[in-house]
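Colleague: As a plain string of letters, each chain reads:
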Amino acid sequence: MKTKVLVIGLDGACPDWVFDRWREDLPHLNRLMARGTWARLDSTIPPITVPAWTCMLTGKDPGQLGIYGFRNRLDYSYGRMGIANALAVKEDRVWDILSRMGFKVVVVGVPQTYPPQPVNGQMISCFLTPSIKNQYTYPPDLRHEIESWVGEYILDIEHFRTEDKPALLEAIYTMTRKRFQVVRHLISEKPWDFFMMVEMGTDRIHHGFWKYTDPSHPQYRPGNPLENSMRDYYRYIDREVGELLTQVGEETRILVVSDHGAKALQGGICLNQWLIREGYLVLKEKPEGIVPLGQCQVDWTRTRAWGEGGYYGRIFINRQGREAQGIVPANDYDALCRELTAGLKAIRDDQEKELSTQVFKPEEIYKSVTGIPSDLIVYFGDLAWRSVGTIGYETVITQNNDTGPDDANHSREGIFILYDPLSPGRGEVNNLQITDIAPLLLSFFGLPGPDGLQARGI
Amino acid sequence: MEEGFTLWLTGLSGSGKTTIAEMMERELRSRGMKVERLDGEEIRAHLKETLGFTRRDREIHLRYLAFICGLLNRNGIVAVVGAISPYRDLREMVRNLLYKYIEIYCQCPLDVLQVRDTKGGYRRAVSGKIDYFTVISDPYEEPEQPEVILRTHLETPGESVGNLLKFLENSGLVPVPPSPPGDYSEEEEQIIAERLKNFGY
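Heads up: the protein sequence lines correspond to chains A and B, in order.
Here the first sequence is numbered in my numbering, starting from 1 and rising by one per residue.
Here the second sequence is numbered in my numbering, starting from 1 and rising by one per residue.
Misleading hints may appear alongside valid ones.
No farther apart than 20 Å at their CA atoms in a straight line, the calculated lysine to aspartate or glutamate pairs in the EDC-like style are these [what the hints assert, rightly or not]: (1) LYS133/A - GLU188/B; (2) LYS104/A - GLU188/B; (3) LYS197/B - GLU250/A; (4) LYS104/A - ASP117/B; (5) LYS190/A - GLU103/B; (6) LYS119/B - ASP193/A; (7) LYS2/A - GLU163/A; (8) LYS4/A - GLU189/A; (9) LYS104/A - GLU42/B; (10) LYS2/A - ASP117/B; (11) LYS4/A - ASP299/A; (12) LYS90/A - GLU159/B; (13) LYS190/A - GLU155/B; (14) LYS133/A - GLU158/A; (15) LYS90/A - ASP75/A; (16) LYS197/B - GLU158/A; (17) LYS133/A - GLU152/A; (18) LYS190/A - GLU42/B; (19) LYS104/A - GLU189/B; (20) LYS190/A - GLU2/B; (21) LYS119/B - ASP75/A; (22) LYS197/B - ASP164/A; (23) LYS90/A - ASP89/B; (24) LYS34/B - ASP141/A; (25) LYS34/B - GLU2/B; (26) LYS4/A - GLU250/A; (27) LYS104/A - GLU155/B; (28) LYS197/B - ASP156/A; (29) LYS133/A - GLU42/B; (30) LYS133/A - GLU189/B; (31) LYS119/B - GLU42/B; (32) LYS190/A - GLU25/B; (33) LYS178/A - GLU251/A; (34) LYS133/A - ASP183/B; (35) LYS34/B - ASP420/A; (36) LYS4/A - ASP117/B.
Bear in mind the hints are in silico, worked out from the structure with no lab data behind them.
In this text the structure is predicted, and so the values were computed from the model without any measurement.
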């Protein structure tokens with residue numbers, strides 16, 4: 001029997017929703033779980049779309065890839081960051097290996113696939129495409145077929161930072177509907193052995209609507225008119241998944257995965273403001289208003305560390321002999337990292353409660369370190385609190401997000417649901433890492449994992 | 001009308017002839033060329049009542065293929081053929097029958113092919129269940145001077161197609177397309193940076 005594998009990626013799909021709270025509302029995913037094997041999937045550190053999906057599909061961690069987020073330092077200057085698109089991925093992903101071995105692949109919307117690279121099959125790139133006027137498919141003329149099926153294809157949501165929630169909800173549904181429609185066409189009209197899609201709507205709805213659903217969110221109000229919006233969307237996704245299952249037939253192995261989960265956003269820790277307060281970051285003059293660090297006059301001759309904001313925090317040490325105007329001697333580097341770690345962990349929330357902040361050093365968590373990582377990675381409140389990079393706040397704690405309204409942060413665990421018609425399911429399993437997925441997928445085709453890594457018995 | 005030409009992919013079973021032929025067909029069409037792909041196995045399936053795998057049968061098979069290619073080429077259509085075509089002198093016969101014949105050798109070591117064995121043919125041939133299976137129970141004479149060699153065990157199908165296209169572009173047979181998308185322009189990078197900021201990354 002010919003091997004066929006369908007991977008349905010749901011960016012940020014949350015195990016708390018899929019496995020627990022809404023399991024009974026999601027009959028198709030529930031049935032896959034009942035007949036298959038499922039787990040909370042440990043994401044990367046950091047648990048961010050880039051590099052998480054690429055780590056999943058290469059079997060390599062961020063350090064091995066040299067990709068630590070969407071934006072990565074290009075050199076040791078103070079602010080040159082490059083965006084990690086497909087050209088930054090130097091390791092084979094599952095579809096590269098399968099293509100080389102003659103298997104047909106179809107890849108739709110997997111993050112970090114722009115610009116689209118040739119495969120033995122079809123590729124539609126992701127939201128890192130500037131616009132659909134760019135060449136976003138392989139082969140190039142696939143775009144014309146897409147347009148004949150769905151009109152204007154939607155890579156991702158425009159105008160995401162809006163308080164017009166009904167409009168945002170409609171936009172998320174429209175994007176998802178079109179993507180699944182394209183996927184259905186590709187499944188039935190193109191030859192494939194390996195088919196993978198990623199839908200971004202699950203992540204987008206978390207960030208836009210979490211506060212309406214989760215009682216643990218500081219802004220949740222019971223009985224609000226949008227209370228069921230996330231659940232209803234998950235139910236819609238489940239129906240779309242059900243349709244795909246009908247289309248592909250019983251002999252296909254099905255994997256439903258997410259790259260990370262999500263949780264209520266409790267607030268923000270103003271990382272650079274804290275570094276200024278503690279004397280690690282020194283400005284030549286105080287800025288007017290709230291501004292990004294890049295627009296400030298930093299006194300690099302007196303600055304020992306600076307940070308970057310986002311769903312997680314990054315700290316960079318101004319190291320002598322490394323940074324252009326580095327002042328921290330090599331001998332003092334480790335002690336400074338320890339001092340910063342202790343200080344970050346001691347930050348308390350606006351109720352003076354301990355935050356359970358975690359701090360990681362790249363060389364301690366990755367198999368190897370390439371490229372230019374940050375010196376420290378920070379999970380404020382185990383990611384319940386965002387890292388705010390802008391400067392000009394009176395306090396270190398804020399309830400306002402400097403990039404616009406956002407209800408959710410990412411969490412460490414995504415979902416893994418495997419239905420294998422050739423093997424009995426094992427129900428819930430534990431200790432599954434995101435880097436276990438690539439060897440598993442390749443094993444379905446009788447191939448060893450990347451660098452000969454064998455698949456774990458899942 | 002400008003004559004077409006024939007791309008003749010030869011190589012062992014599983015060496016990538018069909019994969020590369022399919023990709024070439026799509027790529028050449030996307031460049032506005034008229035293309036027909038002829039798969040040796042498909043043609044043989046239509047003639048199976050009359051053709052086996054003896055040397056004589058193989059000669060007849062290739063003559064059929066060459067005749068069709070000639071017709072297509074005379075009408076300005078590129079013929080892309082994937083056929084094992086194991087005998088050197090028979091491939092030379094096809095070359096002499098056609099106006100413009102480009103021989104492409106899909107080279108792949110036997111041990112790699114036996115691992116791939118996507119159709120199970122090698123396994124069945126080794127166990128004696130198939131006769132006349134090229135390189136197991138029937139010879140394959142490697143091309144001595146093909147126009148292009150594609151080492152399909154060392155490159156992805158995309159790389160193979162790229163190498164073949166480069167040869168055809170340099171030979172003036174295929175128009176050079178506009179450059180594929182490279183990295184971001186400054187303006188595009190700004191768009192993506194703004195988009196990522198909007199998504200909170």
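Colleague: Take the hints in turn and mark each one as holding or not.
Modeller: Against the structure, the hints:
For the hint pairing LYS133/A with GLU188/B, the CA-to-CA distance comes to about 11 Å; that is within 20 Å, so the pair holds. The hinted pair formed by LYS104/A and GLU188/B fails the criterion: a straight-line CA distance of about 31 Å is larger than 20 Å. With a C-alpha separation of about 42 Å, the suggested pairing of LYS197/B with GLU250/A is violated against the 20 Å cut-off. Taken as a hint, the LYS104/A and ASP117/B pair is honoured in the structure, with Cα atoms around 15 Å apart against an allowance of 20 Å.
In summary, the hint linking LYS190/A to GLU103/B is not supported, as the alpha carbons are separated by about 28 Å, beyond the 20 Å threshold. Under the criterion of a C-alpha separation no larger than 20 Å, the hint pairing LYS119/B with ASP193/A is consistent with the structure, at around 13 Å. Our distance criterion of 20 Å between C-alpha atoms is broken by LYS2/A and GLU163/A, whose separation comes to about 49 Å. Under the criterion of a C-alpha separation no larger than 20 Å, the hint pairing LYS4/A with GLU189/A is consistent with the structure, at around 15 Å.
For the hint pairing LYS104/A with GLU42/B, the CA-to-CA distance comes to about 19 Å; that is within 20 Å, so the pair holds. Distance check on the hinted pair: LYS2/A and ASP117/B sit about 12 Å apart at the alpha-carbon level, within 20 Å; holds. In summary, the hint linking LYS4/A to ASP299/A is not supported, as the alpha carbons are separated by about 58 Å, beyond the 20 Å threshold. Straight-line distance between C-alpha atoms of LYS90/A and GLU159/B comes to about 15 Å, which keeps the hinted pair within the 20 Å bound.
Of the pairs offered as hints, the one joining LYS190/A and GLU155/B is violated, with about 23 Å between alpha carbons and a cut-off of 20 Å exceeded. Restraint check: the Cα-Cα separation between LYS133/A and GLU158/A comes to about 15 Å, which is no more than 20 Å; the hinted pair holds. A C-alpha spacing of about 18 Å is found between LYS90/A and ASP75/A, which places the hinted pair at or below 20 Å, so the restraint holds. Of the supplied pair hints, the one linking LYS197/B and GLU158/A holds, its CA atoms being roughly 12 Å apart against a limit of 20 Å.
For a cut-off of 20 Å, the pair hint linking LYS133/A to GLU152/A stands: about 10 Å separates their Cα positions. Simply put, LYS190/A and GLU42/B have alpha-carbon atoms about 19 Å apart, close enough for the 20 Å limit, and the pair holds. The suggested pairing of LYS104/A with GLU189/B is violated, with an alpha-carbon distance near 32 Å, which exceeds 20 Å. For the hint pairing LYS190/A with GLU2/B, the CA-to-CA distance comes to about 32 Å; that exceeds 20 Å, so the pair is violated.
Between LYS119/B and ASP75/A the alpha-carbon distance is near 49 Å, which puts this suggested pair outside the 20 Å criterion. Taking the CA atoms of LYS197/B and ASP164/A, the gap is near 19 Å; set against the 20 Å cutoff, the hint holds. The straight-line distance between the Cα atoms of LYS90/A and ASP89/B is roughly 43 Å, outside the 20 Å bound, and the hint therefore fails. Using a Cα cut-off of 20 Å, the hinted pair LYS34/B and ASP141/A holds, with the two alpha carbons roughly 15 Å apart.
Only pairs whose Cα atoms come within 20 Å are accepted, and LYS34/B paired with GLU2/B is accepted, the gap being roughly 11 Å. Proximity of LYS4/A to GLU250/A is assessed by CA-CA distance (about 10 Å); at most 20 Å being required, the pair is judged to hold. The hinted pair formed by LYS104/A and GLU155/B meets the criterion: a straight-line CA distance of about 16 Å does not exceed 20 Å. Restraint check: the Cα-Cα separation between LYS197/B and ASP156/A comes to about 14 Å, which is no more than 20 Å; the hinted pair holds.
Using a Cα cut-off of 20 Å, the hinted pair LYS133/A and GLU42/B is violated, with the two alpha carbons roughly 38 Å apart. Only pairs whose Cα atoms come within 20 Å are accepted, and LYS133/A paired with GLU189/B is accepted, the gap being roughly 15 Å. A C-alpha spacing of about 15 Å is found between LYS119/B and GLU42/B, which places the hinted pair at or below 20 Å, so the restraint holds. Note on LYS190/A and GLU25/B: the hinted pairing holds, with a Cα-Cα distance of about 15 Å set against a maximum of 20 Å.
The suggested pairing of LYS178/A with GLU251/A is violated, with an alpha-carbon distance near 26 Å, which exceeds 20 Å. Between LYS133/A and ASP183/B the CA atoms are separated by roughly 15 Å; this keeps the pair inside 20 Å, and the hint holds. Proposed proximity of LYS34/B and ASP420/A is contradicted: the alpha carbons are some 43 Å apart, above 20 Å. Between LYS4/A and ASP117/B, the direct Cα distance comes to roughly 16 Å. Compliance with the 20 Å bound is thereby established for this hinted pair.
When the structure is compared with the earlier hints, violations turn up for hints 2, 3, 5, 7, 11, 13, 19, 20, 21, 23, 29, 33 and 35 and for no others.
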